[in-house]
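Since the structure of chain E is provided, determine the placement of chain D on it from the hints.
Protein sequence lines, in the order shown, are assigned to chains E and D.
For the first sequence, counting from 1, position 82 maps to 76 in the numbering used here; every step adds exactly one.
For the second sequence, counting from 1, position 44 maps to 51 in the numbering used here; every step adds exactly one.
Derived from the structure by calculation, the hints contain no laboratory data.
Selected chain E positions facing chain D (Cβ under 7 Å, derived; list incomplete): (1) Ser40; (2) Ile43; (3) Ala44; (4) Leu47; (5) Leu51; (6) Phe54; (7) Tyr55; (8) Phe57; (9) Ala94.
Keeping only pairs whose Cα atoms sit at most 30 Å apart, straight-line, the calculated DSSO-like set for lysine-lysine is: (10) D:Lys116 x E:Lys20; (11) D:Lys282 x D:Lys295; (12) D:Lys310 x D:Lys17; (13) D:Lys19 x D:Lys116; (14) E:Lys20 x E:Lys107; (15) E:Lys115 x D:Lys295; (16) D:Lys19 x E:Lys16; (17) E:Lys103 x D:Lys116; (18) E:Lys107 x D:Lys299; (19) E:Lys16 x E:Lys114; (20) D:Lys295 x E:Lys114; (21) E:Lys115 x D:Lys299; (22) D:Lys116 x E:Lys36; (23) D:Lys299 x D:Lys116; (24) D:Lys295 x E:Lys103; (25) D:Lys295 x E:Lys107; (26) D:Lys282 x E:Lys107; (27) E:Lys103 x E:Lys16; (28) E:Lys115 x D:Lys282.
Where a beta carbon is used, it is the ideal one built from N, C-alpha and C, also for glycine.
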Amino acid sequence: MLNEERIILMTQLAAYEANEGKRNEKIDHFFRSDYIAVQVLKSIVSSSIAFALVFALYVFYDFENFMQDLYKMDLIAFARDVLIRYGVTVVAYGVITYIACTYRYSRVKRSLKCYYHNLKKLNSMYRE
Amino acid sequence: MTGLLEFREKIKQIYIKTEFLLIPLMKFLLAFATLLTLNKNLGYMTRLDNIAIVLIVALMCSFLPNSCIVLFAALFSLLHIYALSMEAALVGLCMYLVMFLLFFRFSPKDSVVVVLTPLLCVMKIPFVIPLAVGLICGPASIISVGCGICVYYLLDTVTGSAPTINAMGEDETTAKLRVVIDAILGNKAMMVMIAAFAITVLVVYLIRRMSVDHSWTIAMVAGVMTDIVILLIGDLLYDTNMSVVSVLLGSVLALAVGKLIEFFRFCVDYSRTEKVQFEDDEYYYYVKAVPKMTVSMSTKTVKKINSQTRMSQQARNASDRNVVMERTGARTSGSSRASGNRGNYRGGRSVTVNSRGMREDQGVDPDDFEELF
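The following block holds chain E by itself, in its conformation from the complex (with noise of 0.2 Å):
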């Protein structure tokens, strides 16, 4: 006799295993400090390489005068200028990686514990 609440029970876990459930494992094996890191740190790495393209177009947008200007500037107050502005954005980014990350890992928590519930109650309804 097919058991329907079972099955439908077993469609929603194996839907969930096929698409939204596979992210979520890989978030899963991390603690939450560790996860929260590794996108922090993948953060600092991405938008210290977009500020470097960034800072590329602008040095070769006015490269020449940029150039010319090179031997009469002050090198360490413009080093110190660029260098504020890269910490900011880094800094800025990053807060907000942190951020999105602690709220995505809170909601897969509560998405795979609602989950695991899940198989729990399919699992005593085999007992029964």
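Then chain D, alone, in the frame of chain E:
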């Protein structure tokens, strides 16, 4: 309404049955339309402007993940821009990389939105996007919409600056770079559009999640109003040359598309709303339950009378066989009634076949017999 609901159920059934075919087909069509639009609007690299290449790439995209459409579209656009000017392609590459590194990380699944936004911008109906995204996706999709608008304006800027770039000499590298960057950074219409669409997505998303009656309709109307107001204010402040008529017409179309999405995703009957209140040891619960509008599909039953296999019929050569067919719009046959089948006749046609397989009814196609076995 019942007819519409039945129609929706039919569409759902068709989708479920042909999903394996429909999804690749839709991907193919999206990739094909995107690449064709790129070739038509940019078209600087003549080698790429070839329908065979477009078809092959679109076919590949139909079996690859959605993000591959974005990848191929980016590649096509960069190659076209490169054919125009290496400097412009460099700016384009930097923009794509920055978008990929900073923004796609937060909404990697919205690649369809990133492709559809510039495509609809080219078709002059971009106002559908914020409404549809607000109704279907979450607030994180604002990033994808923003990236899509940036891509559209990048390509638009390159197309607009093409005569200027072509007029410049080979050695004016930095000047070419400056033309493209100035045109992109000084594009106020892009900024206004990004702001308007981002706020619209947020407004639609927040209102549609509220537990008020007709929240989706309210969200759509509020979203469209927000969009129009921000675009008009932007036009007044920054002189973006936005056509009021196109904004209004586009918004009406967006509302129509929004209602269509609502019909398929959130069709509920507010007249049968139930409000219940209960408590447990820790909480009081105030629950509002709104039933979905559903209709069961009409089922067709095929009644078989005296159904026998061909083999068993062949074995019974000695006796006649009586077969009855029921078919909509079937012709009536007088001779069948004469042959004693009046009891089985139900508005279709009745055919009597004798033991040698000869038809007594001359108004019946021979194929009809095949359908019975």
